[in-house]
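Chains Y and U supply the protein sequences, listed in that same order. Counting from 1, one number per residue, gives the positions in the first sequence under the working numbering. Counting from 1, one number per residue, gives the positions in the second sequence under the working numbering.
Quick caveat, the hints were computed from the structure, so don't treat them as lab data. This one's a predicted model, so the numbers in the text were calculated from it and none came from an experiment. Among the hints, a few may not be true.
Distance condition first, Cα-Cα at most 20 angstroms in a straight line; then the derived DMTMM-like pairs of lysine to aspartate or glutamate [said to hold, decoys possible]:
(1) K56(Y) x D83(Y)
(2) K70(Y) x D7(Y)
(3) K7(U) x D26(U)
(4) K112(Y) x D83(Y)
(5) K112(Y) x D78(Y)
(6) K70(Y) x E15(Y)
(7) K2(Y) x E58(U)
(8) K7(U) x E45(Y)
(9) K42(Y) x E54(U)
(10) K42(Y) x D11(U)
(11) K67(Y) x D83(Y)
(12) K65(U) x E54(U)
(13) K42(Y) x E58(U)
Cβ pair distances, simulated, as ranges [as the list claims (entries may be wrong)]:
(14) S5(U) x R60(Y): 38 to 44 angstroms
(15) P81(Y) x T56(U): 22 to 28 angstroms
(16) T20(U) x S53(Y): 41 to 47 angstroms
(17) T97(U) x M110(Y): 18 to 24 angstroms
(18) Y39(Y) x R15(U): 42 to 48 angstroms
(19) R10(U) x M110(Y): 23 to 29 angstroms
(20) Q24(U) x S68(Y): 41 to 47 angstroms
(21) N55(Y) x G52(U): 37 to 43 angstroms
(22) Q14(U) x P81(Y): 22 to 28 angstroms
(23) R41(Y) x K65(U): 31 to 37 angstroms
Note that beta-carbon positions come from the ideal geometry of N, C-alpha and C, so glycine has one too.
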Amino acid sequence: QKEVEQDPGPLSVPEGAIVSLNCTYSNSAFQYFMWYRQYSRKGPELLMYTYSSGNKEDGRFTAQVDKSSKYISLFIRDSQPSDSATYLCAMSAGSNAGNMLTFGGGTRLMVKP
Amino acid sequence: SAVISQKPSRDICQRGTSMTIQCQVDSQVTMMFWYRQQPGQSLTLIATANQGSEATYESGFVIDKFPISRPNLTFSTLTVSNMSPEDSSIYLCSVATGGADTQYFGPGTRLTVL
Chain Y
1 QKEVEQDPGP LSVPEGAIVS LNCTYSNSAF QYFMWYRQYS RKGPELLMYT
51 YSSGNKEDGR FTAQVDKSSK YISLFIRDSQ PSDSATYLCA MSAGSNAGNM
101 LTFGGGTRLM VKP
Chain U
1 SAVISQKPSR DICQRGTSMT IQCQVDSQVT MMFWYRQQPG QSLTLIATAN
51 QGSEATYESG FVIDKFPISR PNLTFSTLTV SNMSPEDSSI YLCSVATGGA
101 DTQYFGPGTR LTVL
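Using the sequences and the accompanying hints, generate a full structural model.
Okay, structure coming up:
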């Protein structure tokens, strides 16, 4: 079993839809949770960063962390064709673990006009 | 955050040759990381490169194959040695800045080995 599980998709939605992307994990030491967006032929771009459980909102994006269930989500409201990309979740146990990131496999999202 | 550049952006290489990838950051950072992303896959950490110390390699990666230099706080190189087609990947550097427990990535270097 992988340490971080993420549905690879592809996930295809119409423009304007609400998108839900999810990851589950097994390591209870993870405290920092990130979502990266990666366009084709580009490096990953940090989208959202949260610490411990709770919600964080930034424009059309909301990140949720439920440490009790070891489950994190990224919601995209009013999705746009420009949101079409691969979304990678990543997690870290922090500086005590050398700031090492463990990545999910990525979910490919396609938003159709 | 940090602005990170990589050179080259892409290259086509012959089997058996070596390629050195450069990573430049616009600010001084302690921790730099090198990743490999094979086609259609997620990121795999190759090594952590801290200035003033030897790079720390992850399981499955060795210094002879992936030598790393870290001469100062803004620059690092990764060499992919004696390349084979299996080394065809995107190679990414990243940095951890300030007190944030996260990383920022460069644009990547796409290597194709024939």
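Here is how each hint holds up against the structure:
{"no.": "1", "hint": "K56(Y) x D83(Y)", "verdict": "holds (19 angstroms)"}
{"no.": "2", "hint": "K70(Y) x D7(Y)", "verdict": "holds (15 angstroms)"}
{"no.": "3", "hint": "K7(U) x D26(U)", "verdict": "holds (14 angstroms)"}
{"no.": "4", "hint": "K112(Y) x D83(Y)", "verdict": "holds (10 angstroms)"}
{"no.": "5", "hint": "K112(Y) x D78(Y)", "verdict": "holds (12 angstroms)"}
{"no.": "6", "hint": "K70(Y) x E15(Y)", "verdict": "violated (30 angstroms)"}
{"no.": "7", "hint": "K2(Y) x E58(U)", "verdict": "holds (16 angstroms)"}
{"no.": "8", "hint": "K7(U) x E45(Y)", "verdict": "holds (18 angstroms)"}
{"no.": "9", "hint": "K42(Y) x E54(U)", "verdict": "violated (29 angstroms)"}
{"no.": "10", "hint": "K42(Y) x D11(U)", "verdict": "holds (15 angstroms)"}
{"no.": "11", "hint": "K67(Y) x D83(Y)", "verdict": "violated (27 angstroms)"}
{"no.": "12", "hint": "K65(U) x E54(U)", "verdict": "holds (15 angstroms)"}
{"no.": "13", "hint": "K42(Y) x E58(U)", "verdict": "violated (24 angstroms)"}
{"no.": "14", "hint": "S5(U) x R60(Y): 38 to 44 angstroms", "verdict": "violated (29 angstroms)"}
{"no.": "15", "hint": "P81(Y) x T56(U): 22 to 28 angstroms", "verdict": "violated (41 angstroms)"}
{"no.": "16", "hint": "T20(U) x S53(Y): 41 to 47 angstroms", "verdict": "holds (43 angstroms)"}
{"no.": "17", "hint": "T97(U) x M110(Y): 18 to 24 angstroms", "verdict": "violated (32 angstroms)"}
{"no.": "18", "hint": "Y39(Y) x R15(U): 42 to 48 angstroms", "verdict": "violated (30 angstroms)"}
{"no.": "19", "hint": "R10(U) x M110(Y): 23 to 29 angstroms", "verdict": "holds (25 angstroms)"}
{"no.": "20", "hint": "Q24(U) x S68(Y): 41 to 47 angstroms", "verdict": "holds (42 angstroms)"}
{"no.": "21", "hint": "N55(Y) x G52(U): 37 to 43 angstroms", "verdict": "holds (40 angstroms)"}
{"no.": "22", "hint": "Q14(U) x P81(Y): 22 to 28 angstroms", "verdict": "violated (39 angstroms)"}
{"no.": "23", "hint": "R41(Y) x K65(U): 31 to 37 angstroms", "verdict": "violated (25 angstroms)"}
The structure fails to meet hints 6, 9, 11, 13, 14, 15, 17, 18, 22 and 23 from the earlier list, while all remaining hints are met.
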